[in-house]
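Protein chains in written order, with the numbering used here: chain A, 23 to 465; chain B, 23 to 465.
You may find that some hints are simply not true.
Since the list gives no way to pick one copy over another, a pair counts as held whenever it fits inside one copy or between any two copies.
[As the list claims (entries may be wrong)] Dumping the calculated EDC-like pairs for lysine to aspartate or glutamate here, alpha-carbon to alpha-carbon at most 16 Å: (1) 31 with 225; (2) 301 with 452; (3) 301 with 438; (4) 238 with 45; (5) 376 with 45; (6) 46 with 374; (7) 61 with 24; (8) 135 with 71; (9) 161 with 33; (10) 79 with 417; (11) 248 with 356; (12) 357 with 385; (13) 131 with 24; (14) 249 with 385; (15) 301 with 385; (16) 465 with 409; (17) 53 with 239; (18) 142 with 106; (19) 131 with 390.
Honestly, the hints are just simulated from the structure, not real lab data.
2 protein chains.
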Amino acid sequence: MDGMDFLFKPERIAVIGASRFPEKVGYEVFKNLLQSDSKVYPVNINDGEILGKTAYKSLLEIEDEIDLAVICVPAPIVPDVLKDVVKKKVKACIIISAGFSEAGEAGRKIEEKVGQIIRKSSMRLLGPNVLGIINPTLKLNASFFDGMPKQGGISFISQSGALGVAMLDWAIKNDIGLANFASVGNMLDIDFSDLIEYFGRDENTSAIICYIEALKDGREFMKACKKVSRSKRIIVLKAGRTAAGKRAALSHTASLAGDEDIYSAAFKQAGVTRVNTLKELFNTALAASKFKTIGRNICIVSNAGGPAVIASDAFERHGFNVEPLPKDIVKKLDKVLPANWSENNPIDIIGDAKSDRYKAVFDVLAAENFFDFCLCILTPQAMTQADESARVVAEFYEKTGKPVFTCFMGGNKVEDAKKILKEHGILNFDEPEEVAQMLVNLK
Amino acid sequence: MDGMDFLFKPERIAVIGASRFPEKVGYEVFKNLLQSDSKVYPVNINDGEILGKTAYKSLLEIEDEIDLAVICVPAPIVPDVLKDVVKKKVKACIIISAGFSEAGEAGRKIEEKVGQIIRKSSMRLLGPNVLGIINPTLKLNASFFDGMPKQGGISFISQSGALGVAMLDWAIKNDIGLANFASVGNMLDIDFSDLIEYFGRDENTSAIICYIEALKDGREFMKACKKVSRSKRIIVLKAGRTAAGKRAALSHTASLAGDEDIYSAAFKQAGVTRVNTLKELFNTALAASKFKTIGRNICIVSNAGGPAVIASDAFERHGFNVEPLPKDIVKKLDKVLPANWSENNPIDIIGDAKSDRYKAVFDVLAAENFFDFCLCILTPQAMTQADESARVVAEFYEKTGKPVFTCFMGGNKVEDAKKILKEHGILNFDEPEEVAQMLVNLK
Chain A
23 MDGMDFLFKP
33 ERIAVIGASR
43 FPEKVGYEVF
53 KNLLQSDSKV
63 YPVNINDGEI
73 LGKTAYKSLL
83 EIEDEIDLAV
93 ICVPAPIVPD
103 VLKDVVKKKV
113 KACIIISAGF
123 SEAGEAGRKI
133 EEKVGQIIRK
143 SSMRLLGPNV
153 LGIINPTLKL
163 NASFFDGMPK
173 QGGISFISQS
183 GALGVAMLDW
193 AIKNDIGLAN
203 FASVGNMLDI
213 DFSDLIEYFG
223 RDENTSAIIC
233 YIEALKDGRE
243 FMKACKKVSR
253 SKRIIVLKAG
263 RTAAGKRAAL
273 SHTASLAGDE
283 DIYSAAFKQA
293 GVTRVNTLKE
303 LFNTALAASK
313 FKTIGRNICI
323 VSNAGGPAVI
333 ASDAFERHGF
343 NVEPLPKDIV
353 KKLDKVLPAN
363 WSENNPIDII
373 GDAKSDRYKA
383 VFDVLAAENF
393 FDFCLCILTP
403 QAMTQADESA
413 RVVAEFYEKT
423 GKPVFTCFMG
433 GNKVEDAKKI
443 LKEHGILNFD
453 EPEEVAQMLV
463 NLK
Chain B
23 MDGMDFLFKP
33 ERIAVIGASR
43 FPEKVGYEVF
53 KNLLQSDSKV
63 YPVNINDGEI
73 LGKTAYKSLL
83 EIEDEIDLAV
93 ICVPAPIVPD
103 VLKDVVKKKV
113 KACIIISAGF
123 SEAGEAGRKI
133 EEKVGQIIRK
143 SSMRLLGPNV
153 LGIINPTLKL
163 NASFFDGMPK
173 QGGISFISQS
183 GALGVAMLDW
193 AIKNDIGLAN
203 FASVGNMLDI
213 DFSDLIEYFG
223 RDENTSAIIC
233 YIEALKDGRE
243 FMKACKKVSR
253 SKRIIVLKAG
263 RTAAGKRAAL
273 SHTASLAGDE
283 DIYSAAFKQA
293 GVTRVNTLKE
303 LFNTALAASK
313 FKTIGRNICI
323 VSNAGGPAVI
333 ASDAFERHGF
343 NVEPLPKDIV
353 KKLDKVLPAN
363 WSENNPIDII
373 GDAKSDRYKA
383 VFDVLAAENF
393 FDFCLCILTP
403 QAMTQADESA
413 RVVAEFYEKT
423 GKPVFTCFMG
433 GNKVEDAKKI
443 LKEHGILNFD
453 EPEEVAQMLV
463 NLK
């Protein structure tokens, strides 16, 4: 185990600046950490008892070894506190406190002192000015975000704490699982490249997503990405892409967002997938967790002609092929579908289709290779069996492993079916355009 | 009142083919119509009693005048039934039954007969092969869709019944209000142009949305749009745009989707707004219901730097201007914001902003004209007051009428705030890209 392991999998954690006042960050962090299986030690120079635990006046009073120290005290006190942390030979440290280089000249000077202390030790430091880290597998929340996403395959690195909070809250509501979360803040030590390398070897991580405003060390970032992207998809939303975005980034972080062309070329060279929206960031990662790449040939199955036409448009517009059905497939489907089916791709199984008709088609498709992936469309018509049809799609995926995505369109009438799809790991989207837009990133 | 009025605002309705068997379309239609204030007469040659009402053996047995006849009998019987409808001098008629030109040669012949009967009368006909119509203002549901959207300003015309069902269900779930819904089916008589003209003069309609697969009479359509688009926004999703989409449309409706360039040029000339996705179709209509056009200059207010940068990127990419703040505005805001605010557009009011800081900014903006519209971003941080901030935005909108859109980002933490925004008619989106993409249509 190295410093990065101790950051995400600590057994003994000290919270320096743990507080019994609920409005303080040191309260929220300590409360969150109590939910984990790790042993947590509150350190506070004043408070006697915090959430039922007796506080240590100083880190050095703790007899046990400490794997991770989480610092929540005001910035001016941080250097002194940090000296104790180094003295105690703590393996990893998070400085949550703000008020450093992001806050002007005085803060910049404190950050310099912190840097000097850190450079003399072998301890790894995340921060300062971060939300913290979350490891759902261990129910470990070393941050002041009051929630716990479910366990999943995505590791999420955010350069903005506020955006981190919003997207964690969004992920919980949308039942999206995470392997890890980390906010990087001022990146005095640990930066994107360290985290990408670490998540690259983390067995719980199947895809890595980054929200980036500006890189401190582009070379190291690219090196890490080149290495990791061979085995895991790295997807990036880089803000400050346009002139207006750059101006906004400048007044936000006082950092130059950098030359767009250079970023784009470098991302491409390093095997990084770049997206424009937060939804694409998460959806692409969800798909990438299952399918490393996606081919160009789509097969569309639908119980409605209109949405099938819309889907054909969407996928062709995004550079996919909606090839006509091979003749032998038409013959096979003729035997199981009513006379008025489309006899082509999209396979329109007609509005009165029950789930058995979906099943008949997917049974044929299971043995075929003329397509790279499937889109299954369902609209809730009079005869439609949405739940059963969802199970048919799930069974097809589980049996064949072939990439299949769904658009079960509607509201309450497809609500339960969507849950069934989600339970079986099928990604459902509101409309075909969203699937096409997302899959472009995996071509 | 003309035939179109009797279609959407009938006082006396006969359901021909009303049925007591729940699996029949004639049962669903009759059941739905019983929810309205109109007087509804079941007609069925066999059944004695349907949902507590005694059925008439024939339409001609009804003594009262009939405004609207809804026909649900099998296609081959329709011509005979229709003769009675014409004889009875019914003002408007919906043929819900399928099995006409869309179903092959035999059906085409029946449709021809229906056409001959209709041409001899002054009655207006919707169909055949339609889902029906819905007028939420009158709680009138003359369709086999089992639901009622709330009342609102959008009139929705769909050439696909299945897509109609899906989007009605979606609208109900997403609490989107409709003025009217109509599915047009085979367009033997009433087509897009009739409906657009009618919704053009319907006082409940503030925007018209169309899902189009193929037009029968492009010239009439354009004429109607040219006339109506002067006062109301017409937004169209036209499927069959790409080669693959055209092939799919051909096998779906056996109609040629037509030449794309001609469609595009004609739409533009007729003042029609064309969109690519269903979400854009509805969101653009929602915005158009409030604001006829939107200028290019955006002012962004945010409690988080990252999302503000993302927003700047999104709007600049879509051709909007994120102009630097005028100096006098900076001075005014300096007085009400903390020292570390962005001093520029986006107006970053810093992560610890409570609702009073949003209010201070919007109080300044209320008196200014350097921007055409506002985007207010909120991420749920420790100090954030999402609900109160939502009320601040609503108050700004109600007081000034200036266009303002929001991105309250997150999940459960912004759930209540989103409801407050919706109640006050503020359109909230998950992320800035969605707002920009939608507003492009209103430039």
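Hints versus structure:
In this assembly of identical chains, the alpha carbons of residue 31 and residue 225 lie at most 16 Å apart only when taken from the same copy (13 Å versus 64 Å across copies). For a Cα distance limit of 16 Å, the shortest separation of residue 301 from residue 452 qualifies both inside one copy, at 13 Å, and across copies, at 9 Å. Within a single copy, residue 301 and residue 438 get their C-alpha atoms no closer than 22 Å, and across copies no closer than 21 Å, so neither meets the 16 Å cut-off. In the homo-oligomer, the alpha carbons of residue 238 and residue 45 never lie at most 16 Å apart, since the shortest distance is 33 Å inside one protomer and 66 Å across protomers.
For a Cα distance limit of 16 Å, the shortest separation of residue 376 from residue 45 across copies, 14 Å, qualifies, whereas the shortest one inside one copy, 55 Å, does not. Proximity of residue 46 to residue 374 under the C-alpha cut-off of 16 Å is restricted to the inter-copy arrangement: shortest distance 13 Å between copies versus 59 Å within a copy. For the homomeric pair residue 61 and residue 24, neither the shortest alpha-carbon distance inside one copy (19 Å) nor that between copies (79 Å) is at most 16 Å. Within a single copy, residue 135 and residue 71 get their C-alpha atoms no closer than 31 Å, and across copies no closer than 89 Å, so neither meets the 16 Å cut-off.
For a Cα distance limit of 16 Å, the shortest separation of residue 161 from residue 33 inside one copy, 12 Å, qualifies, whereas the shortest one across copies, 62 Å, does not. Taking identical chains as interchangeable, the C-alpha atoms of residue 79 and residue 417 are never at most 16 Å apart, the minima being 59 Å within one chain and 49 Å between chains. Taking the closest pair of Cα atoms, residue 248 and residue 356 never come within 16 Å of each other, the shortest separation being 48 Å inside a single copy and 45 Å across copies. Taking the shortest alpha-carbon separations for residue 357 and residue 385, only the intra-copy value of 12 Å comes in at or below 16 Å, while the best inter-copy value is 69 Å.
Taking identical chains as interchangeable, the C-alpha atoms of residue 131 and residue 24 are never at most 16 Å apart, the minima being 29 Å within one chain and 80 Å between chains. Proximity of residue 249 to residue 385 under the C-alpha cut-off of 16 Å is found in neither arrangement, the shortest distances being 40 Å within a copy and 52 Å between copies. In this assembly of identical chains, residue 301 and residue 385 lie within 16 Å of each other by CA distance neither inside one copy nor across copies; the values are 32 Å within and 33 Å between. In the homo-oligomer, the alpha carbons of residue 465 and residue 409 never lie at most 16 Å apart, since the shortest distance is 30 Å inside one protomer and 42 Å across protomers.
Taking the shortest alpha-carbon separations for residue 53 and residue 239, neither the intra-copy value of 35 Å nor the inter-copy value of 68 Å comes in at or below 16 Å. Taking the shortest alpha-carbon separations for residue 142 and residue 106, only the intra-copy value of 13 Å comes in at or below 16 Å, while the best inter-copy value is 97 Å. For a Cα distance limit of 16 Å, the shortest separation of residue 131 from residue 390 qualifies neither inside one copy, at 65 Å, nor across copies, at 40 Å.
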